[in-house]
Amino acid sequence: MSAPFDASQFHDPADGYYAVHPEQPLPLAGGGLDAFAATDRRSPGVPLMAVRIARTAPARPRPLQALTARVENLLVPLALLNAGAGEDSAGYVICPAPAGKPLSTVARPLAEPLLIDQVLRPVAQVLETLAARGLTHRGIRPSNVFVARGGRPVTLGCAWAAPPAMHQPALFEPPYSAMCRPSARGDGCIADDVYALGCLLLTLALGRQPLADLDDEAILRRKLELGSYAALAGDERLPPMIADLARGMLAEDPEHRPPPGLLLDPAVARARRVAARPPRRAPRPLTVGDTAVWDARSLAHAIGTRPADGLAVLRGGSATQWLRRGLGDVALAAPIEELVRQRALDAPSNDQRADAILSMRAVVLLDPLAPLCWRGVAVWPDGIGAALIAPAGEGDETPGLLAGMVQAEAAAVWASLRDERCDSMTLRLDAQQHRAWLQARGPAGGLWRLVYMLNPLQPCGSPALAGATVRRIAALLPAMEAAVAHRGTLADKAGPAQSGTGLVDAEMAAFIAARAERRTEADVSALSDATGPPGRAVAELRLLSRLQARYFPKALPAIAAEAAGAVVPALTLWRHRPTRDAVSERLRRLAEDGFLAPMAAAVDDAAARAADAEGARLAAAELQQIEQELARAAQGGDARSALASRIGHEIAAGAGLVALTGVLLAAALG
Amino acid sequence: MKASRRPGGAQAVLPDAKRGEGRGSLLWLQGLACGAMVALAPMAAAAVAVLLTPSVLAVFLDRQPGRPVARAIFLCQAAACVAPVRAIWSGDHTAGVVSAVMSHPYEIGSAWCAAAGGWLLTQLLPIAVSAVMEAAAITRAAGLRRRRERIEAEWDLGSPDNA
Chain A
1 MSAPFDASQF HDPADGYYAV HPEQPLPLAG GGLDAFAATD RRSPGVPLMA
51 VRIARTAPAR PRPLQALTAR VENLLVPLAL LNAGAGEDSA GYVICPAPAG
101 KPLSTVARPL AEPLLIDQVL RPVAQVLETL AARGLTHRGI RPSNVFVARG
151 GRPVTLGCAW AAPPAMHQPA LFEPPYSAMC RPSARGDGCI ADDVYALGCL
201 LLTLALGRQP LADLDDEAIL RRKLELGSYA ALAGDERLPP MIADLARGML
251 AEDPEHRPPP GLLLDPAVAR ARRVAARPPR RAPRPLTVGD TAVWDARSLA
301 HAIGTRPADG LAVLRGGSAT QWLRRGLGDV ALAAPIEELV RQRALDAPSN
351 DQRADAILSM RAVVLLDPLA PLCWRGVAVW PDGIGAALIA PAGEGDETPG
401 LLAGMVQAEA AAVWASLRDE RCDSMTLRLD AQQHRAWLQA RGPAGGLWRL
451 VYMLNPLQPC GSPALAGATV RRIAALLPAM EAAVAHRGTL ADKAGPAQSG
501 TGLVDAEMAA FIAARAERRT EADVSALSDA TGPPGRAVAE LRLLSRLQAR
551 YFPKALPAIA AEAAGAVVPA LTLWRHRPTR DAVSERLRRL AEDGFLAPMA
601 AAVDDAAARA ADAEGARLAA AELQQIEQEL ARAAQGGDAR SALASRIGHE
651 IAAGAGLVAL TGVLLAAALG
Chain B
1001 MKASRRPGGA QAVLPDAKRG EGRGSLLWLQ GLACGAMVAL APMAAAAVAV
1051 LLTPSVLAVF LDRQPGRPVA RAIFLCQAAA CVAPVRAIWS GDHTAGVVSA
1101 VMSHPYEIGS AWCAAAGGWL LTQLLPIAVS AVMEAAAITR AAGLRRRRER
1151 IEAEWDLGSP DNA
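Line by line, the protein sequences are chains A and B.
For the first sequence, counting from 1, position 17 maps to 17 in our numbering; every step adds exactly one.
Residues are numbered in our numbering as their position in the second sequence, beginning at 1, plus a constant of 1000.
Quick caveat, the hints were computed from the structure, so don't treat them as lab data.
For every residue, glycine included, the Cβ atom is placed at its ideal position computed from N, Cα and C.
One should not assume that every hint holds.
Just so you have them, the derived chain A footprint on chain B, three or more residues with Cβ under 8 Å [as the list claims (entries may be wrong)]:
id, segment
1, 1065-1072
2, 1123-1129
Over the 12 Å line for every Cβ pair with chain B, so calculated as not near, a few chain A residues [what the hints assert, rightly or not]:
id, residue
3, P61
4, V76
5, S89
6, A111
7, E112
8, T129
9, G261
10, R315
11, G326
12, A412
13, A620
Produce the complete structure using the sequences and hints provided.
Pasting the structure below:
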């Protein structure tokens, strides 16, 4: 399993060192992303830039974590800054500003020596450094590689402020990456950067972008049908050295591409020959939906991206028939036939999950390099996190489809089918963990939990924070305090109707469960266990008090006041009115201090609650006894009258007896 | 009589025939005593009969179990009859003595007034006792209501959530 990323090391105090100047945009410096001038207050003379992070495209945590030292010819990240209040962004990545212009502004072909000395070698050196640290760049494209005047080597731009390869055109990505959603391409491997470097060399050698008249989808199809080098170079005349290097660097299989270290010596890299067969092409096409495919990889792509049409050709048998007779690949047709047969036996015909798994397995069999294709969405398993928060458009169903994929642990199945190309054990454990997060009870689980767990730098998206950028759990309470205080001010102006809303919404709860220490998860889960708004308010108070004690032991008067107001209905659970009033008064006093733990203790005092319940039970019993006595008294008039009559008669008889006795005694005595 | 009303008392389990038999024996004894008195001292018996006429009437008129009114009247009247009966007895209970005593209005008047006093007591005392008992019940109910109000003010027992 991959080690969890520790977001706590990105200390917000960096905000105090750097200043972003939104009024000074740097149009070409961000490689397609918005970039602005920035300054380091400690070294005001050093030119810096701040690359804006979109809210739906999280920054890359691993490079930000690992690239702490300067790397020659690379714009390394210096800091991660939060966005200012009211900004529609998730913050900025601070980098050195590029010294020159991007290569996309170079309109003429570059000579071979120039390409070797100023482009290939320096970039290969950077890639070697990155590979040694287990990192990739995934942003090598003309607009993100900068050249300074005076024959200096090129510099790779900032590729850290968005998911890996998100802004790469399909031209600069291997087909198995280009077919993915832009945000779901994953970190990939250094061979993918070598591929992009090969494309860059080709582009610079030609002096123009190849296939410029085709869109990304067409470029991808062409690459799949012809192979990348043939698709890009075609019949173009290239310098022999560059042609040989590009042929190796654009190999379809990443294992066939030369490693960056080898590219430092282009002569050796050129001599490295890889026996790569061109894709086998059928004499007649297979029609999948409205697309004609001529080879197995194109068929895989069609099945992966058009699941309904793909299933139709698979279950109808036309795919296997075409593979067998058209393509002449019996070895490929047989396992696919077995897959379809097994699918028909195992699950009912309307089982969408079984259909999705069938398509996914068929894609892997047809194209072992292909990404995970699940119901029309192609992703790399490490790109799921970014894909969850980067919608492709209005009404995009991707999050739901990805949730289904996680639920089915599709990544584990996918990994088991291409065991030799990935660490299937790690992917299986990751898939199980992702599913556990998705299925976790209450707000501690679900899609939001998955989003925050898989995107450690994604700020909390709760509207309750009023747009504040909160990445670390320690920053949550101060931001909440400010937002609640601001809301309270608005409520004071607008009247009391706006106050009294809950403090912790579902997004924030998921964020807390993802970022806080593990034992806090139980408190987050308790939010869903709470019955009714009063119980929820108490659970929120308990959770926030834990967070305050653990992460921000300072006074939070606004939150405390809001929480004290929210738990007032919960005080009705106290039946002894004087105690209830005393607790309410105590809460009010504690709220002024701003510390939540004593408030939670006052509301949540189990022993006092038990005593209160016992007292209430006794009081109810006594009340019942009184009612019975009063009823008896109201109904006992006749009985009392009869008793009084009897007593009166007895007294009268007694009086007569006393008189008789007295007279008799008097007579006897004389 | 009280013991006989207790469900577990020994009297309660006596057969009706036996209880009727006991009352019959007492009646026979009373009749025998009266007969003996009439035989031995007929004039004195006649005087006693006249003096106790209200009690005899009360015995016939009082239909309550145990005849509590007649009992009280008899006891009061008996106390008033001691002096005339003693005078008749000490005067050899002859007709002359009996007529002398009985002709004196004070003797008969006092005996019958005593009977009236006994009757008045049986009418007034139950009212007085009832008044006392009602007052005690009202005082007790007021105390209970005050206690109930205090509990209701102190404890919130009305909400269904608190049940």
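To see whether the hints hold, each was checked on the structure:
1. 1065-1072: holds (count 4)
2. 1123-1129: holds (count 6)
3. P61: The assertion about P61/A holds, with a minimum of 47 Å to chain B.
4. V76: holds, 60 Å
5. S89: Given that every Cβ of chain B is farther than 12 Å from that of S89/A, nearest at about 46 Å, it holds.
6. A111: Given that every Cβ of chain B is farther than 12 Å from that of A111/A, nearest at about 84 Å, it holds.
7. E112: With a cut-off of 12 Å, E112/A remains clear of chain B, as the shortest Cβ separation is near 83 Å.
8. T129: At about 66 Å from chain B, T129/A clears the 12 Å cut-off, so the statement holds.
9. G261: holds, 72 Å
10. R315: Holds, because the least Cβ-Cβ distance between R315/A and chain B comes to about 57 Å, which exceeds 12 Å.
11. G326: At about 73 Å from chain B, G326/A clears the 12 Å cut-off, so the statement holds.
12. A412: It holds; A412/A is separated from chain B by about 47 Å at its closest Cβ, greater than 12 Å.
13. A620: violated, 5 Å
The earlier numbered hint that this structure contradicts is number 13, and it is the only one.
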